[in-house]
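Number of protein chains: 2
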Amino acid sequence: MSELEYQEGRTELDALGQVALINRLTDDFAPVNESTVKGVGDDCAVVGQGKTKTLVTTNTLAEGIHFDMMYTPLKHLGYKAVAVSLSNIAAMNGTPRQITVSVAVSNRYSVEALEELYAGIRLCCQRYDVDLVGGDMNSSRSGMVLTVTAIGEVDEEKIAYRSGAKLHDLICVSGDLGSAYSGLLILEREKVTYQANPNFQPDLDSYDYVLERFLKPEPRMDVVHKLAKSGVVPTSMIDVSKGLASELLHICKASDCGCEVYEERLPIDYQTTRVCSEMSQNMLPVSNALNGGGDYELLFTVNQKDYDKVKDMEGIHIIGHITEQGSPVVMVTPQNSTITLTAQGFRD
Amino acid sequence: MSELEYQEGRTELDALGQVALINRLTDDFAPVNESTVKGVGDDCAVVGQGKTKTLVTTNTLAEGIHFDMMYTPLKHLGYKAVAVSLSNIAAMNGTPRQITVSVAVSNRYSVEALEELYAGIRLCCQRYDVDLVGGDMNSSRSGMVLTVTAIGEVDEEKIAYRSGAKLHDLICVSGDLGSAYSGLLILEREKVTYQANPNFQPDLDSYDYVLERFLKPEPRMDVVHKLAKSGVVPTSMIDVSKGLASELLHICKASDCGCEVYEERLPIDYQTTRVCSEMSQNMLPVSNALNGGGDYELLFTVNQKDYDKVKDMEGIHIIGHITEQGSPVVMVTPQNSTITLTAQGFRD
Numbered sequence: 011m012s013e014l015e016y017q018e019g020r021t022e023l024d025a026l027g028q029v030a031l032i033n034r035l036t037d038d039f040a041p042v043n044e045s046t047v048k049g050v051g052d053d054c055a056v057v058g059q060g061k062t063k064t065l066v067t068t069n070t071l072a073e074g075i076h077f078d079m080m081y082t083p084l085k086h087l088g089y090k091a092v093a094v095s096l097s098n099i100a101a102m103n104g105t106p107r108q109i110t111v112s113v114a115v116s117n118r119y120s121v122e123a124l125e126e127l128y129a130g131i132r133l134c135c136q137r138y139d140v141d142l143v144g145g146d147m148n149s150s151r152s153g154m155v156l157t158v159t160a161i162g163e164v165d166e167e168k169i170a171y172r173s174g175a176k177l178h179d180l181i182c183v184s185g186d187l188g189s190a191y192s193g194l195l196i197l198e199r200e201k202v203t204y205q206a207n208p209n210f211q212p213d214l215d216s217y218d219y220v221l222e223r224f225l226k227p228e229p230r231m232d233v234v235h236k237l238a239k240s241g242v243v244p245t246s247m248i249d250v251s252k253g254l255a256s257e258l259l260h261i262c263k264a265s266d267c268g269c270e271v272y273e274e275r276l277p278i279d280y281q282t283t284r285v286c287s288e289m290s291q292n293m294l295p296v297s298n299a300l301n302g303g304g305d306y307e308l309l310f311t312v313n314q315k316d317y318d319k320v321k322d323m324e325g326i327h328i329i330g331h332i333t334e335q336g337s338p339v340v341m342v343t344p345q346n347s348t349i350t351l352t353a354q355g356f357r358d
Numbered sequence: 011m012s013e014l015e016y017q018e019g020r021t022e023l024d025a026l027g028q029v030a031l032i033n034r035l036t037d038d039f040a041p042v043n044e045s046t047v048k049g050v051g052d053d054c055a056v057v058g059q060g061k062t063k064t065l066v067t068t069n070t071l072a073e074g075i076h077f078d079m080m081y082t083p084l085k086h087l088g089y090k091a092v093a094v095s096l097s098n099i100a101a102m103n104g105t106p107r108q109i110t111v112s113v114a115v116s117n118r119y120s121v122e123a124l125e126e127l128y129a130g131i132r133l134c135c136q137r138y139d140v141d142l143v144g145g146d147m148n149s150s151r152s153g154m155v156l157t158v159t160a161i162g163e164v165d166e167e168k169i170a171y172r173s174g175a176k177l178h179d180l181i182c183v184s185g186d187l188g189s190a191y192s193g194l195l196i197l198e199r200e201k202v203t204y205q206a207n208p209n210f211q212p213d214l215d216s217y218d219y220v221l222e223r224f225l226k227p228e229p230r231m232d233v234v235h236k237l238a239k240s241g242v243v244p245t246s247m248i249d250v251s252k253g254l255a256s257e258l259l260h261i262c263k264a265s266d267c268g269c270e271v272y273e274e275r276l277p278i279d280y281q282t283t284r285v286c287s288e289m290s291q292n293m294l295p296v297s298n299a300l301n302g303g304g305d306y307e308l309l310f311t312v313n314q315k316d317y318d319k320v321k322d323m324e325g326i327h328i329i330g331h332i333t334e335q336g337s338p339v340v341m342v343t344p345q346n347s348t349i350t351l352t353a354q355g356f357r358d
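From first to last, the protein sequence lines stand for chains A and B.
Sequential numbering from 11 applies to the first sequence in our numbering.
Sequential numbering from 11 applies to the second sequence in our numbering.
Just so you know, the hints here were simulated from the structure itself, not pulled from any lab data.
Remember, predicted model here, so these are calculated numbers, not experimental data.
Keep in mind that the hints are not guaranteed to be accurate.
The list cannot tell twin chains apart, which means a pair is met if one copy fits it or any two copies do.
Derived DMTMM-like pairs: lysine to aspartate or glutamate, alpha-carbon spacing no greater than 25 Å straight-line [stated by the list, open to error]:
#	residue 1	residue 2
1	319	125
2	176	139
3	263	218
4	321	146
5	319	122
6	168	38
7	239	44
8	168	274
9	176	146
10	226	38
11	226	126
12	236	318
13	319	139
14	226	146
15	61	334
16	236	322
17	168	122
18	315	167
19	239	126
20	176	165
21	315	44
22	61	146
23	61	139
24	201	167
25	201	38
26	61	273
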């Protein structure tokens, strides 16, 4: 009776990356509604008929895949689930207004545990002036799956798609890169130690920054506000969820261009460097920045005319520029050699 | 390290129903955005600043809870996941325009299996002129969790909330009730037989109607269109996802009223009656209608002035009327006794 397992011609999910799989599955969905401005393929869908467009984005966090209950406080998890979707609204240069939250949860969780989760959801909503307007609560066979849909607004002239980068545009990124992944490395290390010896008390105090970066990322709405205040509309934008390399590849593919970024320009916090040196002699901080993911910083391009406006913007780093159609996506090292970037780390 | 299991003061999830739990978790989320017209507590959230409002609704189907892969063809599952969310848009008297789909899925599933799922999603989108505009694809530790968010539009003057029913309004329902649950009963029966004897070939041909009602429900957009064409704006509306009793209770609670429905007026298909008689002497078709759920028909109230417009509307049944504040929700039997309705069947 089951159609589940095909004996012949079975293609394993691992054979395709997430983006390739989504593309394969949704390729022949042609929009029919006038109000569908942008469908699959950017940080958000863009819908609506007026000058102010509605942004919609949906993100799922699944236990055992995106989070490990061993080291994820539920309040942080609730906060992060919201933050991740708000980050997608920010990446379209928009303002989040509402969310819906769907929770599928096994009876291993108590009502009190869900209250902790919702305390985190509420905190993030309050911090970013977002209203929880719906969703549902369901049983699951095992673990927890959290899906947050965020709704936002943006003036149609200010939408920053991935596809708008132009030759010679400057490439900018906010904050620092690789710290969230460094936090994850620490948590995984302590977990292994704890599993070997349950009496072990992990000492996490000195890792506050990288841990918070992983467990409780912030959507960079402050960057969206700063850009608006300076009158800068990014020509393209994306949030750094999978690592800089992956996001640069997305922008260059969507914009049909190449790019060069300079290794020495990549913003890497000293604590990321410290964690890397603790972990292994061979672990390079720049690898965490390129392939680590989870930073939820904003990566965007601006026209060169906006150079003066962005060069002194606090927390914004100009890391490179867009090159012509057909060029590769490369990082230039301090020794002036070039490394062609591919998406590693998280499969993509 | 884990905050998961509270030793003291632990309240099991089963101790509360879904609605009570959602209310407890979301009670203190006060909307702050002007564009949030209606938050948690109806079939959809209502957002936006113009005369045309945006409707948003999110629904999850989880393997082992909402569907059983033993007897759920993936194409039907995809169709149903979309249909359930579109039904919520219909229940606000709105028109669906876009959906996002989030899938969390274990590697037990193949790419081909997901293609089947998306074939069903596409079919439902095409049938109801809805665009798939986003979502994500994630791994899960076990089974499949599908979350669909639907976005719709509605003229603000035509929104049908649950809360608008007024004294003496007529209560109407579309289609027939209890058939979806009868389909589920058949599938469960055949599953048990199959598990006892895997060589057994289930004979499902004679149950086509009830099986389709369960496996592939339709959002009643045709009813929304008929009402619009006749110039009828329901005073309240809800879709029948959990059973007539539960939905009547929702409308009466939200509208602060009671109601009377007449048992002999409840639309019950003869195949529902046949399944009940096959199953057990004691199984009453009316119980399936009241408590079975899954029919996704529309339950709505209209002002008495609209009686002439609805009385001959094809597939619409007038089953009772609204009674005054403080009155119970009752069903009147053919013998003229009254039964006070409570939500049974699915926990609510």
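If the cutoff is 25 Å on CA atoms, where do residue 61 and residue 273 land: within, between, both or neither? Let me know, please.
neither (40 Å within a copy, 51 Å between copies)
Is it within, between, both or neither when you check residue 168 against residue 38 at 25 Å Cα-Cα?
Classified as neither: same-chain Cα gap 29 Å, cross-chain 34 Å, threshold 25 Å.
Status of residue 167 relative to residue 315 across identical chains (alpha carbons, at most 25 Å)
Answer is within; shortest intra-copy Cα gap is 18 Å, inter-copy 47 Å.
Is the C-alpha distance from residue 319 to residue 122 at most 25 Å within one copy, between copies, in both cases, or in neither?
Classified as neither: same-chain Cα gap 48 Å, cross-chain 50 Å, threshold 25 Å.
Between residue 319 and residue 139, at a C-alpha cutoff of 25 Å, which is it: within one copy, between copies, both, or neither?
Cα proximity of residue 319 and residue 139: none, with 27 Å in one copy and 44 Å across.
Copy assignment of residue 319 with residue 125, given that the CA separation must stay at most 25 Å
Neither way: residue 319 and residue 125 sit 44 Å apart in one copy and 47 Å across, limit 25 Å.
Intra- versus inter-copy proximity for residue 218 and residue 263 (alpha-carbon distance at most 25 Å):
neither (36 Å within a copy, 48 Å between copies)
Indicate which option fits the pair residue 168, residue 122 if close means a Cα-Cα distance not exceeding 25 Å: within, between, both or neither.
neither (42 Å within a copy, 39 Å between copies)
Please work out whether the CA atoms of residue 61 and residue 334 approach to 25 Å or closer within one copy, between two copies, in both situations, or in neither?
neither (32 Å within a copy, 45 Å between copies)
For residue 201 vs residue 38, is the C-alpha pair at or below 25 Å within one copy, between two copies, both, or neither?
neither (44 Å within a copy, 35 Å between copies)
Checking an output row: residue 201 and residue 167, CA cutoff 25 Å. Within, between, both or neither?
The answer is neither: 48 Å in one copy and 56 Å across copies each exceed 25 Å.
When no copy is named, should residue 176 and residue 165 be tagged within, between, both, or neither for a Cα gap of at most 25 Å?
within (21 Å within a copy, 40 Å between copies)
Hint violations for this structure: numbers 1, 2, 3, 4, 5, 6, 8, 9, 13, 15, 17, 19, 21, 22, 24, 25, 26, all remaining hints satisfied.
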